[in-house]
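Work the whole structure out from these sequences, hints included.
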Amino acid sequence: MNILSIFIAFILAITFIIIGIYIITEYKIKYIQTDATIEKAYCVLNNPNFNYLCDLHLSYIVNNYKYYARINKYINLVPYRKYDVITISYNKNNPSEIEIKDNKYLYGIIPLFIGILILILTFLTIFSII
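Numbering-wise (my numbering), the sequence shown opens with residue 382 and increments by one.
Since the hints were made in silico from the structure, they are not lab data.
All figures in this text were calculated on a predicted structure; none of them were measured in a lab.
Incorrect hints may appear among the rest.
DSSO-like, lysine-lysine: derived pairs with alpha carbons at most 27 Å apart [to be verified]:
{"id": "1", "residue 1": "421", "residue 2": "473"}
{"id": "2", "residue 1": "454", "residue 2": "473"}
{"id": "3", "residue 1": "411", "residue 2": "447"}
{"id": "4", "residue 1": "421", "residue 2": "485"}
{"id": "5", "residue 1": "463", "residue 2": "447"}
{"id": "6", "residue 1": "473", "residue 2": "409"}
{"id": "7", "residue 1": "421", "residue 2": "463"}
{"id": "8", "residue 1": "482", "residue 2": "421"}
{"id": "9", "residue 1": "411", "residue 2": "454"}
{"id": "10", "residue 1": "482", "residue 2": "454"}
{"id": "11", "residue 1": "482", "residue 2": "463"}
{"id": "12", "residue 1": "447", "residue 2": "485"}
{"id": "13", "residue 1": "482", "residue 2": "447"}
{"id": "14", "residue 1": "447", "residue 2": "409"}
{"id": "15", "residue 1": "454", "residue 2": "421"}
{"id": "16", "residue 1": "482", "residue 2": "411"}
{"id": "17", "residue 1": "409", "residue 2": "482"}
{"id": "18", "residue 1": "409", "residue 2": "485"}
{"id": "19", "residue 1": "454", "residue 2": "409"}
{"id": "20", "residue 1": "473", "residue 2": "485"}
{"id": "21", "residue 1": "485", "residue 2": "454"}
{"id": "22", "residue 1": "473", "residue 2": "463"}
{"id": "23", "residue 1": "485", "residue 2": "411"}
{"id": "24", "residue 1": "421", "residue 2": "447"}
{"id": "25", "residue 1": "473", "residue 2": "447"}
{"id": "26", "residue 1": "411", "residue 2": "473"}
Put into structure tokens, the structure is as follows:
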């Protein structure tokens with residue numbers, strides 16, 4: 382029974398590690414950063430949190446083609462303004478799909494960390510049995 386538990390923990394750890402690496406590499410390979418210019422910015426102060434909700438109309442160039450996008454974004458302190466240049470991430474397979482922050486890969490760190498932790502605990506269990 383003890384060996385079966387160790388085997389299941391090992392398989393579970395490897396699965397979590399593979400899922401974490403897949404999420405991290407998929408996002409890092411799929412999205413490319415570029416600069417975008419704000420064509421229009423409509424920002425409203427959110428009083429309880431003292432941050433701004435901005436409706437941004439952006440333009441950016443990918444492969445000599447100009448794309449336009451619209452996105453809503455919260456920002457602290459200073460609202461976005463017309464002609465500000467910001468860094469965006471676009472999907473290289475669909476350049477009209479954009480994000481302002483390049484942090485989706487962080488979702489892959491959670492299963493990667495859990496997998497490594499389970500793997501370490503599994504090896505500690507194995508070496509404590511021997």
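**OP:** Could you check the structure against the hints above and give me the numbers of any it violates, in ascending order?
**Re:** none
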